[in-house]
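Visitor: Chains as they are written, first to last, in this note's numbering: chain Z, 1 to 161; chain G, 162 to 777; chain E, 778 to 867.
Hints are computed from structural coordinates only; laboratory data are not their basis. You may find that some hints are simply not true.
Stated by the list, open to error - Quick list of the computed label-pair ranges, beta carbon to beta carbon: (1) Tyr-102(Z) - Gly-773(G): 43 to 51 Å; (2) Gly-720(G) - Asn-40(Z): 17 to 25 Å; (3) Glu-800(E) - Asp-44(Z): 33 to 41 Å; (4) Asp-74(Z) - Arg-827(E): 19 to 27 Å; (5) Val-445(G) - Asn-63(Z): 56 to 64 Å; (6) Ile-93(Z) - Lys-389(G): 26 to 34 Å; (7) Ala-842(E) - His-730(G): 30 to 38 Å.
To be verified - Here are some chain G residues the structure puts well away from chain Z; computed CB gaps all over 10 Å: (8) Gly-276; (9) Asp-341; (10) Ala-586.
We put the CB at the ideal spot given by N, CA and C, even for glycine.
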Amino acid sequence: MSKQLRIIPEKCTGCIQCELACSWVQTGTFQPARSLIRVNIFDDQASYAPYTCFQCEEAWCMNACPINAIGISDAEAKVITPELCIGCGLCVIACPYGTVWYNPDKGKADKCDLCAGDPACVAACPTGAIEYVETESTDWLGTWAADLNRTRSEIDQGEPS
Amino acid sequence: MICGWVGKVLRVDLTNSKISTEPLREDWAREYVGGRGLGARYYWEEGDPKVDPLSPENKLLFVTGPLTGTNASCAARYMVITKGPLTGAITTSNSGGHWGPELKFAGYDMIILEGRAPSPKYLWIHNDQVELRDAQHLWGKGVWETEETLRRDSGVPDTIVACIGQAGENLVRYAAIINDLHRAAGRSGVGAVMGSKNLKAIAVRGTGGVRLAKPREFMSASWEMKAKLKDSAVTAEGLATYGTESLVNVINEHGALPTRNHQATVFDRAEDISGETLTETRLVANKACFACTMACGRVTSLPGEASDKFSVNTSPRNWNIAGEGPEFENAWAMGSDCDISDLDAIIKVGWLCNDYGMDPISYGATLAAAMEMYETGAIDESVTGMPLGFGNADALVAMSEKVAFRQGFGDQLAEGSKRLTARYARPELFMGVRGQEFPAYDPRAVQGMGLGYATSNRGACHLKSYTVSPEILGIPEKMDPHVSEGKAEITKIFQDITSAVDSSGLCLFLTFGVGLEDMLPQIVAATGVDYDIDTLTQAGERTWNLERLWNERAGVGKGHDKLPRRLTHDPIPGGPAKGLTSKLNVMLPEYYERRGWTADGMVTEEKRKELGLPKA
Amino acid sequence: MEVPTVKLLGGLRKFGGAQQAIEGGTVRVVLDTVGVPNDLLFPEGEVLNRDIEVLVNGRNIAFMADLDTPVTDEDRVTIFLHGARGYPGG
């Protein structure tokens with residue numbers, strides 16, 4: 001068991017406080033373009049979906065990196081060691097979820113490292129749409145998929161899916 | 162350079178397709194904080210008060226505040242400043258969404274638009290890349306299609322668009338500028354000014370950031386304000402659950418909800434158009450603007466049969482999925498003011514207003530005036546082309562299209578109710594100030610609002626001194642809405658504080674959860690300027706007086722602080738506020754005195770010097 | 778028995794119907810029987826929660842006899858949380 005980010009899109013209002021908090025950690029400014037969590041705003045569906053790396057077990061980014069610059073941290077996050085990263089972008093291409101980014105300012109890749117176990121996005125979210133919780137499985141996407149057919153109130157009441 | 166700002170102004174000469182940048186006037190940013198104040202200062206310097214608002218000589222300013230784009234709660238706002246075609250006065254239309262922050266991320270604090278493009282154009286801003294591009298293919302299209310097309314064709318999916326719809330193109334005098342599909346710089350006709358310049362849209366993508374003077378202090382200050390907002394469980398619940406629409410019942414229960422063009426102030430079917438009903442029947446989700454921790458936006462849907470029963474289907478968009486609104490003002494103007502209680506019709510026209518790009522308050526209120534003219538025989542079906550008595554929901558829907566395209570009677574409605582009522586020699590039926598229609602609080606039942614409307618620089622507006630807060634909601638302390646005592650004082654204070662909030666880049670809606678003192682530490686930490694409550698409030702006062710001076714030069718200053726005779730002479734016929742009239746004549750002299758103006762409402766030379774205002 | 782009309786707005790609706798008849802007397806009696814939990818109405822004991830407004834016939838009781846404002850069966854009592862805090866107008 002390890003702690004993972006769990007995202008509840010039904011609770012998201014699209015305010016992007018998570019992006020602002022993340023970009024603050026990355027850059028010391030408010031710069032959503034450098035955030036490692038992104039909110040997709042689907043206006044015509046009234047749907048807002050934050051997404052970021054969910055630290056998948058396959059770790060395609062880690063496998064793709066030619067110089068082993070990606071490792072696993074104490075928080076069990078896949079993290080890029082910037083001193084080693086050569087900015088080749090293979091991890092960006094390898095990630096099937098699109099959650100590894102190339103940062104043109106640094107010439108290196110960037111991805112979520114769970115803020116070493118204290119994720120800023122979780123603290124910033126005003127509606128509790130991002131949780132950092134113990135999970136049996138790292139597959140929160142699967143849980144999310146199972147939730148898709150449930151209403152928000154059912155989820156709020158914690159009814160099992 | 163003071164922080165919070167990028168330090169750069171984008172100037173676009175549309176006539177000659179000339180694009181340039183210049184440094185932000187730091188001294189002005191300091192004196193006027195930003196947003197509304199800073200825009201007023203630039204407009205004072207550059208905006209000729211005598212110009213026709215729809216001529217190329219008028220300028221159109223988009224201005225952010227020092228906090229816009231930060232993570233301060235509700236730091237989403239930008240301000241549009243120009244001479245309003247509805248009013249002939251300086252107007253300050255404010256909008257949220259993501260556009261203002263995006264402009265800053267692209268590297269600009271404000272945009273000054275001048276002249277008129279020879280053919281339809283849109284402005285493309287992608288960081289340093291700024292171009293005027295052909296918009297022939299977008300001209301004639303609604304807001305939603307324009308935004309989607311620009312987003313798709315730009316190849317930059319995160320592009321944020323502010324644009325006009327058909328109403329702006331057709332110079333409807335209350336056309337709006339809409340960004341993020343549903344957020345509006347709504348009133349006074351700023352969209353018509355953009356249309357008169359042949360500018361369809363401003364599409365922005367920025368990847369930069371906002372720099373702060375004292376980052377650590379800023380973060381702790383912004384956390385503190387968020388905690389305060391969250392602390393009030395009441396606030397959190399009310400916001401999330403009912404949005405601004407919760408006010409329908411609250412205002413109606415006070416007997417202050419204008420009905421049938423202000424003939425009455427109690428609407429017997431208020432429940433049908435209330436926030437409670439909306440939430441139970443049509444609400445899909447809450448939506449937040451950039452950095453907003455309150456999320457008052459209402460995403461609504463209309464099931465097929467509810468949508469299809471109306472005749473207007475000009476938009477290619479599938480209406481059945483979701484639109485936004487109505488907000489309280491929207492529900493009032495199209496609801497009780499027109500004696501209409503069909504919530505689906507109100508929702509639908511709210512969406513149409515967003516898509517056509519026009520102000521639902523002025524549209525609804527103008528229609529209400531037309532309905533009274535129709536019922537009293539000033540106009541008949543030969544003029545209107547359809548029955549137009551109060552309560553006609555079909556007409557509400559059908560006329561919205563005719564206004565946006567200026568077809569038939571819609572062409573006359575598009576001029577606003579002041580011009581419409583004057584045309585048929587019924588000027589007493591115009592319910593507004595300086596040519597702009599009232600919002601949703603009857604000045605007889607809420608006395609402070611009467612003074613606020615009458616003295617509002619941009620014409621009747623609830624967002625410049627929202628004394629409903631103490632008079633109805635008891636915030637910060639209860640004031641009796643029926644009496645005029647104390648209202649001059651509170652109105653001046655609210656106007657000055659509101660001007661300061663409007664200048665910061667924060668949303669005015671914050672002021673009901675927190676005070677200026679809670680915003681202050683963020684403004685100081687962001688800019689590095691050591692404002693205190695007094696200097697910040699004084700910056701607001703400076704802005705208010707500068708707008709007033711500008712209006713004076715435009716000929717809509719003193720002598721225009723008036724309410725319609727109906728509100729000052731005709732007592733409310735029934736309900737909780739029965740028998741009341743507005744005591745504007747009592748409040749106004751005291752207000753002038755507290756402002757330090759002359760007895761007839763002129764800014765004195767003394768006041769000008771005290772505030773360091775520029776000379777004419 | 779005096780039975781005024783009581784109207785709860787917004788978030789208070791969950792404690793009762795939109796409109797209900799209740800035994801009257803004074804506002805205090807109405808509040809005692811209206812179904813809204815006491816700790817919400819009086820979180821600090823005697824004083825009414827400052828986030829709650831009570832109207833009798835559209836007038837705030839603060840400008841009348843407060844909790845002792847008399848209520849008869851002719852009257853209409855409105856109770857709301859000013860949930861509008863945080864969002865003026867629109």
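Visitor: Evaluate each hint against the coordinates.
Guide: For each hint, the structure was consulted:
Remark: the range hint 43 to 51 Å for Tyr-102(Z) to Gly-773(G) is upheld by a beta-carbon distance near 49 Å. Taking 17 to 25 Å as the suggested C-beta distance range, the pair Gly-720(G) and Asn-40(Z) does not conform, at roughly 53 Å. The supplied range of 33 to 41 Å is broken by Glu-800(E) and Asp-44(Z), whose beta-carbon atoms lie about 51 Å from each other. Range check, Asp-74(Z) to Arg-827(E): Cβ separation about 47 Å, and the 19 to 27 Å hint is violated.
Checked against the given bound of 56 to 64 Å, the beta carbons of Val-445(G) and Asn-63(Z), roughly 41 Å apart, lie outside it. With their beta carbons about 45 Å apart, Ile-93(Z) and Lys-389(G) fall outside the hinted range of 26 to 34 Å. For Ala-842(E) and His-730(G), the Cβ-Cβ distance of about 32 Å falls inside the hinted range of 30 to 38 Å, so the restraint holds. Look at Gly-276(G): its CB is around 32 Å from the nearest CB on chain Z, clear of 10 Å, so calling it non-interface holds up.
Against the 10 Å criterion, Asp-341(G) falls within the reach of chain Z, whose nearest CB is about 8 Å from its own CB. Consistency note on Ala-586(G): stated as away from chain Z, and its beta-carbon is indeed over 10 Å from all of that chain's, at 45 Å minimum.
Going through the hint list in order, the structure does not satisfy hints 2, 3, 4, 5, 6 and 9.
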